[in-house]
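J.: Letter by letter, the chains look like this.
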Amino acid sequence: MAHYNFNTPVAETAIRALRVNDTVTLNGTLYGIRDATQIHMFDRGRKTRFDLAGHAVIHTAPNVRKVERSEAHPAGYAPVCVGTTTSARMERFTRPLMSQYGVRMIIGKGGMLADSLAAFAELGGVYLAIVGGAAALETTWIEQIEDVDLDDLNPESLWRFRVKGFGPLLVAMDSHGASLYTGLKQAAAGRRAAALASLGVK
Amino acid sequence: MDVDLQQVEEAAKELYIRALKILPPDIKAGIAALARGETDATAKTILGTMIRNIAVAEDNANLLCQDTGIPIYNVAIGRAVTVDGYALKQAIRRGCERATREHPLRSSVVHPLTRANEHTSCGRGVPVINIDFSEASEALSIEMIPKGSGSENSSWLKMAIPAEGVDAIKTFVVDCVLESGGKSCPPTVVGVGVGGTADLCVHLAKQAATRPLGSRCADPEGAELERALSSAVNQLGVGPQGLGGDSTAFAVHVETAATHITMNPVAVNMQCHSARRARATFTPAGVEYGF
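Chain order of the listed sequences is A and B.
Each residue of the first sequence is one higher than the last, beginning at 65 in my numbering.
Each residue of the second sequence is one higher than the last, beginning at 15 in my numbering.
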């Protein structure tokens, strides 16, 4: 269980070194992405001008305030509350994010499924778990909204954040086929019979 | 007692923002109690992060969670209250819109087919406004619940049959908790509706999920069921965020209603660990805010 400090973007070798239960803290650029963003990118043929290669994306749609563009707010947005949404809805987008855009890290809550795990192994990626619902804390790790693309989808735009000390995040799915969620789900299912017996279910 | 609708509009705005920023004391105490009892190291760390987040939200006057949810307003009108109900609903809607624009808040509400977002947290039939009547005399209370989607997506209805008995209800609840895993942002309040019609059953589940911790089902049979289910689901080891541990649910809450001789309906609706709610009570003395 090692801890890593990454400045993004990150090389494939660094990602391949990660194992489940390691922790990661990110500095630099972080992209925010959501259901509608990816539906438009992968089902409706839209492209982003951002270079996501080697980067992390977080499953988010932030609360923001529209402000005058300035050095502090180059995109005309100030962050209000930036948190994380449930990842599993976006399962089918992991592979194209990695194969078409070179994304290496997906940050979310609740975990992802078998196809994401396979994509992480084949293409070199990881899932980093953040504590869902801890957005006030998470917001203190966001320095700035640097840029925004596909903003007609607001709040499900593609956001470019600058982050400092973003973490620690838990490596919950790695590039070696390990997922904390798979094991825990099996263990929980294994306790089903005992739970039902305790309720007197025949 | 007359109710000033301008005050209702202000309260509807204030309630949305307060609910998003300040957790009720019963939920705070619930997380602290789970953290004390948790034996899994990862789970203890996660619960610690949740406790830290509550403090950061209060210190920075920020939202606890980014999910502003689907706004729900539960209105209870006392017996000696005179109010134009139609105008009351309009005032609540205006307050909800103003909270979204003026704070500002992320509008999480879209048209179900076009997915268009009006950026007001409102749309067809939203905010959800439930009107009921209370025994209280000169009091009108408005409870506001911003219902997050991670937990709302963990909703199920099963129209079981009488021959399947109470076992079908118990099995269904356990299986829903397993199916939900980390997606509902556990530890959760597992709301269970038993009986009624299909729509009433789901509504009961929502009422159960949003009841304060420590409250009991008024039906003794329901109270016994929620006690047994609370213990059973915490044997599953789903844990905070679905990453394992003892703290899967704060509690299972059950609400019951009579049902048809041919029916045995059960519904599950979950509430996440950020179990937000706020209340304003209007009396002749003025408006008082609480939970």
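Please keep in mind that the hints were generated in silico from the structure rather than gathered at the bench.
Any given hint might turn out to be false.
[Stated by the list, open to error] Below, a sample of chain A positions facing chain B; criterion: calculated Cβ distance under 8 angstroms:
| # | residue |
| --- | --- |
| 1 | 131 |
| 2 | 134 |
| 3 | 246 |
[Said to hold, decoys possible] Derived lysine-lysine pairs resembling BS3-like cross-links, with alpha carbons at most 27 angstroms apart:
| # | chain 1 | residue 1 | chain 2 | residue 2 |
| --- | --- | --- | --- | --- |
| 4 | B | 58 | B | 42 |
| 5 | B | 172 | A | 228 |
| 6 | A | 130 | B | 172 |
| 7 | A | 228 | A | 249 |
| 8 | B | 103 | B | 35 |
| 9 | B | 103 | A | 249 |
| 10 | B | 172 | A | 266 |
| 11 | B | 35 | A | 249 |
| 12 | A | 266 | A | 249 |
| 13 | B | 58 | A | 228 |
Small disclaimer: the values here were computed from a predicted structure and weren't measured.
Every residue, glycine too, gets a C-beta built ideally from N, C-alpha and C.
J.: Indicate, hint by hint, whether the structure satisfies it.
T.: A quick look at each hint next to the structure:
1. Interface hint status for residue 131 of chain A: violated, as the beta-carbon distance to the closest one in chain B is roughly 11 angstroms, over 8 angstroms.
2. Interface hint status for residue 134 of chain A: violated, as the beta-carbon distance to the closest one in chain B is roughly 18 angstroms, over 8 angstroms.
3. Hint status for residue 246 of chain A: violated, given a least beta-carbon distance of 11 angstroms to chain B, over 8 angstroms.
4. Taking the CA atoms of residue 58 of chain B and residue 42 of chain B, the gap is near 15 angstroms; set against the 27 angstroms cutoff, the hint holds.
5. Our distance criterion of 27 angstroms between C-alpha atoms is broken by residue 172 of chain B and residue 228 of chain A, whose separation comes to about 47 angstroms.
6. Restraint check: the Cα-Cα separation between residue 130 of chain A and residue 172 of chain B comes to about 44 angstroms, which exceeds 27 angstroms; the hinted pair is violated.
7. Between residue 228 of chain A and residue 249 of chain A the alpha-carbon distance is near 33 angstroms, which puts this suggested pair outside the 27 angstroms criterion.
8. Among the hinted pairs, residue 103 of chain B with residue 35 of chain B is consistent with the structure: their alpha-carbon atoms are about 24 angstroms apart, no more than 27 angstroms.
9. A threshold of 27 angstroms between alpha carbons decides the hint, and for residue 103 of chain B with residue 249 of chain A the separation of about 44 angstroms lies outside it, so the pair is violated.
10. The suggested pairing of residue 172 of chain B with residue 266 of chain A holds, with an alpha-carbon distance near 19 angstroms, which does not exceed 27 angstroms.
11. A distance of roughly 32 angstroms separates the Cα atoms of residue 35 of chain B and residue 249 of chain A; the hinted pair therefore is violated under the 27 angstroms criterion.
12. Straight-line distance between C-alpha atoms of residue 266 of chain A and residue 249 of chain A comes to about 23 angstroms, which keeps the hinted pair within the 27 angstroms bound.
13. At roughly 25 angstroms between alpha-carbon atoms, residue 58 of chain B and residue 228 of chain A fall within 27 angstroms of each other, so this suggested pair holds.
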